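**Q** Protein chains in written order, with my numbering: chain V, 1 to 381; chain G, 1001 to 1381.
There may be inaccurate statements among the hints.
Simulated pairs of lysine to any residue, SDA-like, Cα-Cα distance not exceeding 25 Å [claimed, not checked]:
#, chain 1, residue 1, chain 2, residue 2
1, V, 225, G, 1096
2, G, 1228, G, 1209
3, V, 2, G, 1018
4, V, 329, G, 1234
5, G, 1313, V, 30
6, G, 1357, V, 31
7, V, 86, G, 1227
8, G, 1357, V, 30
9, G, 1093, V, 232
10, V, 111, V, 89
11, G, 1002, V, 34
12, V, 248, G, 1002
13, G, 1248, V, 316
14, V, 93, G, 1212
15, G, 1313, V, 38
16, V, 313, G, 1034
17, V, 313, G, 1229
18, V, 93, G, 1097
19, G, 1228, V, 324
20, V, 255, G, 1024
21, V, 357, G, 1032
22, G, 1002, V, 233
23, V, 271, V, 370
24, V, 225, G, 1323
Which chain G residues face chain V? A few, computed with CB under 7 Å, are given here [said to hold, decoys possible]:
#, residue
25, 1001
26, 1005
27, 1027
28, 1066
29, 1097
30, 1098
31, 1197
Now the stretches of chain V that chain G is said to cover, found in silico as 3 or more residues with beta-carbon under 8 Å [claimed, not checked]:
#, stretch
32, 60-72
33, 94-108
34, 257-270
Hint data in this document are derived by calculation from the structure and do not stem from the laboratory.
These numbers come from a predicted model, not from an experiment.
Ideal Cβ positions, reconstructed from N, Cα and C, are used throughout, including at glycine.
Number of protein chains: 2
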Amino acid sequence: MKYRLLAPGPTPVPDSVLREMSQTLIHHRTDHFERIFSECKDGLKWLLETRTAPLVLSCSGTGAFEAGIENFLSQGDTILCITGGKFAENWLKMSACFGLNAVEILVPWGKAVTESQVKAALASYPEAKALVLVASETSTGVRHPFEAIGALTKNHPDCLFVVDGVTAVGVFDIAPERHNIDVLVFGSQKGLMLPPGLGFIWASEKAWARARESNLPKFYFDLAKEKKAQTANQTGHTPAVSLIMGLKEALLIMKSEGREAIFSRHLRLAKAARAAASALGLELFAESPTEAITSIYSPKSLEPDAIYQGLMKFANFTIAGGQEQMAGKIFRIGHMGYVDDIDLIGVFGALEIVLKKLGYEKFSMGASIAAASPILKEGFR
Amino acid sequence: MKYRLLAPGPTPVPDSVLREMSQTLIHHRTDHFERIFSECKDGLKWLLETRTAPLVLSCSGTGAFEAGIENFLSQGDTILCITGGKFAENWLKMSACFGLNAVEILVPWGKAVTESQVKAALASYPEAKALVLVASETSTGVRHPFEAIGALTKNHPDCLFVVDGVTAVGVFDIAPERHNIDVLVFGSQKGLMLPPGLGFIWASEKAWARARESNLPKFYFDLAKEKKAQTANQTGHTPAVSLIMGLKEALLIMKSEGREAIFSRHLRLAKAARAAASALGLELFAESPTEAITSIYSPKSLEPDAIYQGLMKFANFTIAGGQEQMAGKIFRIGHMGYVDDIDLIGVFGALEIVLKKLGYEKFSMGASIAAASPILKEGFR
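Let the sequences and hints guide you as you build the complete structure.
**A** Right under this line is the structure:
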């Protein structure tokens, strides 16, 4: 069977993006590259609804997170990290690693942080220099209320609101200026429909003012240097040119679909996936689900990871299992980026056959499609 | 005219590598990816003649340098940096930035370090934890005697020999185990014939032992974590999958040409380039030239960068001008990676026409080709 990628990332890459990436390689110190880079900046500003473009880094998402810490914080700073998933916990580990006083706002995996938790933490730690939130937690499938938390941190002028937007940007509406976000980081291999290899970071004026005081060592991720270079459509270090060529094309595709249409497609696919899973008698893991992925408990009667591995073995699909404390207990279907209604029908059709093969019989064939179709119908216009 | 890239990097990428990079994107947590990654490791071991594979990082060369410092050194360590070019000076700046006691072994741009200089420095700083050398300095076109220096540092058991092999690996014979190198870093966009976006770092057992003592903060570039993951054909962070797909193909091309043939091609092109430039009455800049690029003084009668810009404007060639203290004074032709004899004839043919158009008349048309051809003839077998 054809290879199909419906993972929580990397996500499928459109053919025209792959073709763009395979154009003759150009040098980055050329007008041609600068035109491409300038178009990318415009596209990213359009997507984020910002006046300034995010910086483009040659690294994966984690590299961009590290850049966020190294540039906007200083040794000994108190940083509040909202956890509740593997990627949120990475921020906590990374903050400790760089000598910050990292305080955890503990959230159980699968649940979203509450406004009152954040309010209490901000009150207990008035010295906090930053609050970190993963808007859409890839390891659990939870969407956290970043909009409400942005409104809270707005009243704490010393505290930067740092948002990990890795499975948020290009999936749902996240506009850092409107949502009071000071630092937004994301990667290429999710909503942006590119292969991995580019990291992005956008910062508010408040964050840039803070950057001038930062005393953490930085060289590869020196963002002041990057900002200066990228304002002139160049980069501080040799950029991943082919991925940037692909980015230009990916943003053109996104523009032609439109922001609202992109966001409502993701919402529709997420609703359909949840309805489909429920129709199979499966239990959803995330209480407040993101539009990017759907995380589903694996029936206890099955071996750990049997579903994830079965879809791979029998149908050549890559979805994902659980991570860390949820390893073997859940499986996760990605439906972000270059994924449409028919892809969703395909993965649930395959899932039904695989479940039956594995001996899970609590549904009649077609049940998930029957539940998803009325929702997906909205996409047929 | 067709676009032609003969810069000191990025270098041209073979069509089959571009095609490989534009295959359907696969997920990295799959057997398919692990097979590709394993083949890459084997190819890199073949190229470097090492028992262990270098680690593959998603970043440009500078990121791999930073990884070298963060992992194998500690705050306050004395590090000897041999300078003599922009990239060597970067190591000096980076070492200072990470709190090392960075000592410069000053070399004038265009010249190579001498053994006696290094001997004296090692004697003056017996506490030195590392000696850094850029094997082939891209900003000047100088090749430093890394083989002789490796033999020297061998007798200093506390001092790691760190080599920046960015325009060396895949260009000439550099085999870290044989050359007593402890840390070797390089990037994808030079001798490896790939677009930029991957950094590589190989370390000796002596260096890995040192890594256990390192107290510098690291997260994205935590090499112990990478080593563990890459031993199992995975990566510590999401890898730049498409570039790794390209790497597999690039290494196959290199294997089919053969190490010796690759190295003698680069030597032949470099000799031919020097003969060609001299035949035009132009003066060479580097005293001890690398096989990767040829750096040539721009005639004083011409405007700064007139040659570099003229080749771009009239013939759609990207070569390079000078950097920093040599800006406007030299131009540099890259002839490494996917570059052959006919490419070299092409760039000198174009250079002759451009020089005449610019009013530099001290040669007869065809003189550079006449000088290069007897050398290039060796490549016609």
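**Q** Evaluate each hint against the coordinates.
**A** Status of the hints after comparison with the structure:
{"no.": "1", "hint": "V:225 with G:1096", "verdict": "holds, 17 Å"}
{"no.": "2", "hint": "G:1228 with G:1209", "verdict": "holds, 15 Å"}
{"no.": "3", "hint": "V:2 with G:1018", "verdict": "holds, 22 Å"}
{"no.": "4", "hint": "V:329 with G:1234", "verdict": "holds, 22 Å"}
{"no.": "5", "hint": "G:1313 with V:30", "verdict": "holds, 11 Å"}
{"no.": "6", "hint": "G:1357 with V:31", "verdict": "holds, 22 Å"}
{"no.": "7", "hint": "V:86 with G:1227", "verdict": "holds, 21 Å"}
{"no.": "8", "hint": "G:1357 with V:30", "verdict": "holds, 22 Å"}
{"no.": "9", "hint": "G:1093 with V:232", "verdict": "holds, 23 Å"}
{"no.": "10", "hint": "V:111 with V:89", "verdict": "holds, 14 Å"}
{"no.": "11", "hint": "G:1002 with V:34", "verdict": "holds, 19 Å"}
{"no.": "12", "hint": "V:248 with G:1002", "verdict": "holds, 22 Å"}
{"no.": "13", "hint": "G:1248 with V:316", "verdict": "holds, 22 Å"}
{"no.": "14", "hint": "V:93 with G:1212", "verdict": "holds, 19 Å"}
{"no.": "15", "hint": "G:1313 with V:38", "verdict": "holds, 21 Å"}
{"no.": "16", "hint": "V:313 with G:1034", "verdict": "holds, 16 Å"}
{"no.": "17", "hint": "V:313 with G:1229", "verdict": "holds, 23 Å"}
{"no.": "18", "hint": "V:93 with G:1097", "verdict": "holds, 23 Å"}
{"no.": "19", "hint": "G:1228 with V:324", "verdict": "holds, 17 Å"}
{"no.": "20", "hint": "V:255 with G:1024", "verdict": "holds, 23 Å"}
{"no.": "21", "hint": "V:357 with G:1032", "verdict": "holds, 24 Å"}
{"no.": "22", "hint": "G:1002 with V:233", "verdict": "holds, 24 Å"}
{"no.": "23", "hint": "V:271 with V:370", "verdict": "holds, 13 Å"}
{"no.": "24", "hint": "V:225 with G:1323", "verdict": "holds, 17 Å"}
{"no.": "25", "hint": "1001", "verdict": "violated, 13 Å"}
{"no.": "26", "hint": "1005", "verdict": "holds, 6 Å"}
{"no.": "27", "hint": "1027", "verdict": "holds, 4 Å"}
{"no.": "28", "hint": "1066", "verdict": "holds, 5 Å"}
{"no.": "29", "hint": "1097", "verdict": "holds, 5 Å"}
{"no.": "30", "hint": "1098", "verdict": "holds, 5 Å"}
{"no.": "31", "hint": "1197", "verdict": "holds, 3 Å"}
{"no.": "32", "hint": "60-72", "verdict": "holds (count 6)"}
{"no.": "33", "hint": "94-108", "verdict": "holds (count 4)"}
{"no.": "34", "hint": "257-270", "verdict": "violated (count 0)"}
Violated hints for the displayed structure, listed by number in ascending order: 25 and 34.
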